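Enquirer: As a plain string of letters, each chain reads:
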Amino acid sequence: MTTSSFESLEEAIADENFPEVDLGLRRGRHIGREDGIAYDYLVDALDHLEPFYRRFGCELVQRADGYFYLLPSGDRLGRRQLSPGEMLVGQTLALLYLDPATLQHGGVVQRETLLQRLSGLLGVEKLVRTLNPRRKKFDERIAAETVRTKVTGALRRLTDLGFIDSVDDAMLRLRPALLRFAEPVRDLSDWNAALERLIKSGEIALGEADEDNVDGGNGAEDDDEEEAGG
Amino acid sequence: MSSDPSRLIAALARDRINLDLKTLDLCFLAGLHLRAERASLASFEEDVLIDMFEQVCDMVDPGAERPRKRATHAIQRLRDQRMLARVDGAGIFRSGEYTLTRLAAAVVEYFLEDEALTRESLTLLTGTLGAQLAEILGAAKRVDTENAWLKRVVAPLRITVGDLVGGIERRQRGLDAQQEEVQAEISRLLQADWFGAVERCQSLLDTTTDTLRELNEVLLRDTHHFLALLQEIQALASESGQAESESAVQRVIEHVDRIAAWGGARQRAWSNYYQYTHGYLRDVVRLDPDRALSQRLRDQVANWPSTPFHLLVAAEPSIRLLRPLELRAERPAVTSPRMDREASPDLVGPEDTGLDIEILVEGALDAGARSLAEVTERVLPNFPADLRYVVTGRVADVLARVTRTRRDYERPWRTVAPNLELEDWDLPRAEKSR
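Heads up: the protein sequence lines correspond to chains R and V, in order.
If you're matching positions, the first sequence starts at 1 in our numbering and goes up one per residue.
If you're matching positions, the second sequence starts at 1001 in our numbering and goes up one per residue.
Hints are computed from structural coordinates only; laboratory data are not their basis.
Keep in mind it's a predicted model, so treat the numbers as computed, not measured.
Using N, Cα and C, we set each Cβ at its ideal position, and we do this for glycine too.
One thing to keep in mind: the hints can contain errors.
To be verified - Simulated crosslink set (SDA-like; lysine to any residue; CA at most 25 angstroms straight-line):
no.	chain 1	residue 1	chain 2	residue 2
1	R	Lys126	V	Asn1303
2	R	Lys126	V	Arg1200
3	V	Lys1022	V	Thr1118
4	R	Lys200	V	Arg1086
5	R	Lys200	V	Asp1299
6	V	Lys1141	V	Ala1228
7	R	Lys126	V	Asp1020
8	R	Lys200	V	Ala1228
9	R	Lys126	R	Arg111
10	R	Lys126	V	Lys1141
11	R	Lys200	V	Asp1426
12	R	Lys200	V	Asn1303
13	V	Lys1022	V	Gly1130
14	R	Lys126	V	Trp1304
15	R	Lys126	V	Ala1302
16	R	Lys126	R	Trp191
As the list claims (entries may be wrong) - Only some residues are given here: those of chain V computed to face chain R with a beta carbon under 10 angstroms:
no.	residue
17	Cys1057
18	Met1059
19	Val1060
20	Ala1197
21	Glu1199
22	Arg1266
23	Ala1269
24	Gln1275
25	Arg1291
26	Asp1299
27	Pro1305
28	Pro1308
29	Leu1312
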């Protein structure tokens, strides 16, 4: 027996929230409890929308942490893998999300805190080499600028994807969807086995992602900024 | 005192206002405050101050040398910062008597007294405020002179009501600080005891939520009542033309509005925090009782560059909307106008009017004309109407050249053609120059 207030798929699609939710999901957005009406709509229409999106070759995933996202498995709907910058920033933000110190401010962290944590975890040189593998020479000033530029670009894209909200120029609000970055270590099983399971389910992919061609040229724009700076 | 904030701040900056209180100073002030309360003292003799300082010094800084000398410096420092005031006025004739200033009392009370808003204190304050406002409204209905308005309405509004409203606001700030403390406490409890702290954190969350909800209910109900009373007083003041009373009521209304807005804003802010923390306790702490996830994730981030993996997300581009067909208006190219540069020149008649005039003037003179007007009258009919004005001038010019003219001091005006008059010259008879 369905608990949905929608009698049919037609009713679910005719709802005024559908266009915005549908467009967001197809663009990779994670819709969480913080999104209010959009989230409530998905909870309500889930029974109808799951088979609907399956016809497009993708899965409408609902997580217990309180968010939805669309996971394409075939070629019918476009998909992309997150860039190294987005992955590093996303994982570090997930770490901050788990930190009780963040809780004191209702999940709001400063961008500066993120940069400190990121460089603390990896070290500046490793961070720069990961974010910009093509650069051979290491110059501290340019390295710092590269990191800031790449992190800014990654934060902008993670905001579009619904992993975080941008409060202002200096503050970010973390959302539970960040826990997707912690999926490989979420259970106590072997990390490799967990990774294999996630690859099979189409959640993650191995291999190199091009930092500069992640979504229609934003990365290239960042690169330009960096070159201009360097 | 000026009410302009910029001027007030400029005045503070000009006077180089600053406070520099060490822990020892604050403890000393706190000791004096507590002593004054317990012994009902209004002021302290100098010996009592020094004795208190030595006691505090023993507790705060046991190894300190020459505490008496330090006490002298501390007293002077606190006097300089307007924390202690000498009240005896005896100068150097005898040792002084001191009291804590309002500033010192406020500083010490902030640290010592828990003045957060509670349901009890709020209900008491709003009850008193309501009664006071009802009394002022009654007075406003009865008073009829300006003096009575000032005494029975403005003064109670400014002092009694102002103090009560200020008291609520002060306690609201106290509760704000308490909320911050609760948030910090929850964070500390989780840092220290993780899963073991869940119940305690949940209890702290629920207690604060209940407190805020209760306070907001009281505020919503009572501020509505206050505003109704105040608006009635304001209407009476307006009818009686009491501008000062009206503005005094307006200030209290703004205060009450602020108090009411505080309740709603804090409840919303706390609600966001509550939801976030509740979700955190449920999804993070309860699902990871050993707090192993953070460590595993930390390792994952550190090792990510050597074993990279990437999350996959949907990335359907926006639907490409073709631009609607637009009829473009053809703009002509910018060119200079074409002209036939090889065309033959136009044939025009020769301009020999001047020659004609000279001949005609001479003819008129020969025919016996003896004044400028007569000559002009004879010449003009040979020319079209549009040239006659110009010709008139040329006739005069020719005449001046070919004859000698005689002019009276007052020359008469003569009409020589329709709409054309000139100042006449006489020509002496038979005095033609040529």
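Enquirer: Given Cys1057 (chain V) as an interface hint, is its Cβ closer than 10 angstroms to any Cβ of chain R?
Expert: violated, 36 angstroms
Enquirer: Please verify that hint: Val1060 (chain V), Cβ, nearest Cβ of chain R, below 10 angstroms or not.
Expert: violated, 30 angstroms
Enquirer: Under the criterion that the straight-line Cα-Cα distance not exceed 25 angstroms, is the pair Lys126 (chain R), Lys1141 (chain V) satisfied?
Expert: It is violated: about 79 angstroms lies between the C-alpha atoms, which goes past 25 angstroms.
Enquirer: Closer than 10 angstroms between Cβ atoms is the bar; does Met1059 (chain V) clear it against chain R? Give me holds or violated.
Expert: At about 32 angstroms, which exceeds the 10 angstroms cut-off, the nearest Cβ of chain R leaves the hint on Met1059 (chain V) violated.
Enquirer: Given the hinted pair Lys126 (chain R) and Asp1020 (chain V), is their alpha-carbon gap at most 25 angstroms?
Expert: It is violated: about 46 angstroms lies between the C-alpha atoms, which goes past 25 angstroms.
Enquirer: Hey, does the Pro1308 (chain V) contact hint survive, CB to chain R under 10 angstroms?
Expert: Because about 7 angstroms separates Pro1308 (chain V) from the closest Cβ in chain R, which is inside the 10 angstroms limit, the hint holds.
Enquirer: Between Lys200 (chain R) and Asp1426 (chain V), does the CA-CA distance stay at or below 25 angstroms?
Expert: Violated, at roughly 126 angstroms.
Enquirer: Do the numbers back the hint for Ala1197 (chain V), that is, is its least Cβ distance to chain R under 10 angstroms?
Expert: Holds - the Cβ of Ala1197 (chain V) comes within 10 angstroms of chain R, reaching about 9 angstroms at its closest.
Enquirer: What's the verdict on Lys126 (chain R) and Ala1302 (chain V), does the C-alpha distance respect the 25 angstroms limit or exceed it?
Expert: holds, 10 angstroms
Enquirer: Does the structure keep Lys200 (chain R) and Arg1086 (chain V) at a Cα separation of 25 angstroms or less?
Expert: Distance ~82 angstroms between Lys200 (chain R) and Arg1086 (chain V) Cα, so the pair is violated.
Enquirer: Tell me if the straight-line CA distance from Lys126 (chain R) to Arg1200 (chain V) falls inside 25 angstroms.
Expert: violated, 41 angstroms
Enquirer: Is it true that the CA of Lys200 (chain R) sits at most 25 angstroms from the CA of Ala1228 (chain V)?
Expert: Measuring from Cα to Cα gives roughly 67 angstroms; hence the hint is violated.
In summary, the numbered hints that this structure violates are 2, 3, 4, 7, 8, 10, 11, 13, 17, 18, 19, 21, 22.
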